[in-house]
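Produce the complete structure using the sequences and hints provided.
There are 2 protein chains.
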Amino acid sequence: MSGKKDITIVDIARELNISISTVSRGLKDHPDINKDTRQKIWNKAEQLGYTANIFASNFRKKKTNTLGVIIHRLHGYFISSLLDGMEKVANEAGYNLIISQSRESYHKEMANAKTMLANRVDGLLISLAYDTESLAHIEPFINKGIPVIFFDRVFENSQGVSVIIDNYKNAYDITKHLITEGCSKIMHITACLKRNVYAERYRGYRRALEDYNIPFSDDMLILNDMNPQDGIAAAEKILQMENRPDGLFIAEDENAAYCMHHLKQNGVRIPEDIAIAGFNNDPISRTVDPNLTTVNYPAYDIGAVAATSLISQLNGASSVVQVMNKIVLKSEVIIRESSRRKK
Amino acid sequence: MSGKKDITIVDIARELNISISTVSRGLKDHPDINKDTRQKIWNKAEQLGYTANIFASNFRKKKTNTLGVIIHRLHGYFISSLLDGMEKVANEAGYNLIISQSRESYHKEMANAKTMLANRVDGLLISLAYDTESLAHIEPFINKGIPVIFFDRVFENSQGVSVIIDNYKNAYDITKHLITEGCSKIMHITACLKRNVYAERYRGYRRALEDYNIPFSDDMLILNDMNPQDGIAAAEKILQMENRPDGLFIAEDENAAYCMHHLKQNGVRIPEDIAIAGFNNDPISRTVDPNLTTVNYPAYDIGAVAATSLISQLNGASSVVQVMNKIVLKSEVIIRESSRRKK
DNA sequence: TTTAATTTTGCAAACGATTGCAAGAAATAG
DNA sequence: CTATTTCTTGCAATCGTTTGCAAAATTAAA
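Listed in order, the protein sequences are those of chains Y and W.
Note that the first sequence covers residues 7 to 349 in the numbering used here.
Note that the second sequence covers residues 7 to 349 in the numbering used here.
These aren't lab readings, by the way, just hints derived from the structure by calculation.
Each statement offered as a hint is correct.
Copies of the same chain look alike in the list, so a pair counts if it fits in one copy or across any two.
Listed next, the in silico SDA-like pairs over lysine to any residue satisfying Cα-Cα at most 25 Å (straight line):
| no. | residue 1 | residue 2 |
| --- | --- | --- |
| 1 | 348 | 272 |
| 2 | 114 | 98 |
| 3 | 94 | 336 |
| 4 | 120 | 54 |
| 5 | 150 | 52 |
Structure, rendered in C-alpha cells:
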C-alpha cells in the first residue's frame, strides 16, 4: 500500500554515524549542537526527504497542538465566519483545529466531547446544542486541567471562559426600535428557549414590551428550529391571523428573510404593514428587499477572541486571563429599511 | 496546572496485579481474555476514571484517524454545507477532521499541506486556492501512499480522485436559458480563470454564445474576487455602460445577489431590463426579489462523497475506487423569476 | 603541561499503548 | 495418568521523538 516506510531521525543518525539525540537537537537548531553538525544534519535530512513526525513528537511531549471545536451546527454564514476567525488565530499560533458538530443533540455533543478527550486535545472550544442542560461531559476536561472556552451558546455560571455578545441588550434595543417606529403588536419568532442566545433575546424582547406598556400574549411567540420551511410556516401562520402583528422580531436573519419573503409574496408590505427585524447581520440581510434591520453579531471576532483566549491560557495563562470568566464583545443594532416606518 | 496525571493501562494492570497486555486486550474485548478478567478490567478502569489515550494508541498503530481538509476559504453557505457533509461522514466512520484554510494563497496552501503531512493525517481532502498552479505540495502525499481527494476546486489531470460537478455543462445550460429567454447581450461576472470552476463556467458560457451566434467581446467579462463590494462595483460598472447588457450570468449567488440588489436600487428592472442568473443555489437565491435563477450545486453531497471516497480508500480501496479518477455529481439549472422574461 | 572551563555529543529512559510469540493453566482425549 | 488441545496470560520489542545527565572532546587559563 504505502510505498517505502518513513524516514526517521534514526535513519539520519545512522547515515551520519552520530547519535539520535544529536540529530533531534540539531534539527531544531539547539545551540548545544555544533554549527557544522547542524548543517550536516539538515543536509542529510533534506537529501533523504525527511519529514518531521510531529505526531510522534507530540506524543512524547504529551501535547497535541490541537484544539477541539464542537459546534451546534455547521451551517450558514454565521458559523463559517466564526470558524474562520478561530482557524486564523489557531493556525497562526501553530495549533490545529479538530471540528465536529453536535447537530443540536446533547448525545452527540457528549460523544464528541469524549472523542476530543480521548484524542487529548490541548483545549476545547464549544457552542452548546439546543438541549444541553448539563455540563457533565465537560467536567472531565476541567478535572484534567484542559481549558475550555464556551462561545455563542453558553451556559450560565459555568466554569471556563465564555465569549458572547449581550443578547439581552440587543434584543431590548431592537424591540424598542420597533416600538418607537410605531409598532404596537410585535411578535417574536425564535428557537428553543433553553439556550441562552434565544432565552436572552426573548428576555430583552419581553422587557422592552413591558417598559413601553405593550401587552404580550402567548400567541405572539413562535418557536421553531430556524429552518427555511420554519420561516415560511411562521409567515403562513401570521397571514392567517385575524389580528395580525405590525412588528416582527425574528431571532435569525436567514429565517427572517424567508419569512419576510413569504409575507411579501402574499401582499404584505414591509415595513408599512409589518416592520421586521432580524439578528446576526448575515449577508442575506443586505440582499433582501427591503434590507433587513438586524443586530451586528461579530461572528469572526467571537471565533478569533475565543481561540486567542484559549491559546493564551495554554501559554501559561497570565493571571488576567485566569480571572476572566466572561468576554462580551461589542455588537449593535443596525437599522435598515425593513423597519423604518417614519419619514 | 493540570491536576493529577492521567490514568493509564499500566495503572490498571498494577492495581489488578495482571499484565499490561492483558489489560490492553481486555479493554477492547479481545476474545483471548477471560470474560471475568475482562469484567474486572472494565470495572477497575471505570473506577479509576480511565480514558483511553487514543493518541498513544494511534502512535503505536501509525494511524492518526484524522483526515486533513484544506479549503480555499471558510466563508458562507456553500463551504459550510460542504464541511457539514464531510464531518458527518468522517465522524460516523470514526475519523477526525482537521480543517485549515488557504485563504486563496498558494503559499498558505503549501504550508498547510506541510503541516498536515507532518501531523501524519491518514488522508487529505483539498480544494485549491485561486493561484495554485502546481501540485508539488501534494506529491509527498502521493509518494507516501496517503490518499488525496480533490473537491470543487480541482486540477485537471491530477493524480488522486476529484469530486466535482459539471461546471461546463451547467454554465452552458444556464447561458442557453438566458438566450432562449431573449437575451442578446449577456455579460459574465466571475473570478480568477485559473481555477477550473471559473474556467469551466466561462467556457460553457462562451460556447453557448457561440452556438447561438451571440457575439462576445472582452468588455462582457468582469473578473473580481466575489466579495460583496465586488458585486456592487460590477453593478456600478454596468450602470455606466452606454450599451447595457440584457443578461447577466454571475458565477456565484452571493455576488449575484449583491449585484442585482444594487442594479434594482438604481432603477433597473429584473428580469425585464436585465435577466440574471447565479450559481450554487445558495439560500440567498431564494430570498432575493425576484428569486434568482441558479445552478443547484450539491455542496453537502460533494463533501459527503469526497469523505466517503477517501475513507473507502483507507479501508483498503476496493479496486473500483482505485480506478476512479473523477466523480461527477448530479447538478442542474434551477430557473426562477430573475430570468423569466417570457410569459 | 596541567587543570579548569566550555563546548559537543551520546546513553538510555521515558511517553502509553499494541502485538507476535511463547509459556502456563485448564480442559479434553486416549 | 500421560498426551493433546484449547484457553488465558505475560514478556518484551516497538512506534519516533525528547531530554536529563554524564562523558568525551576541545579550548582557555594557569
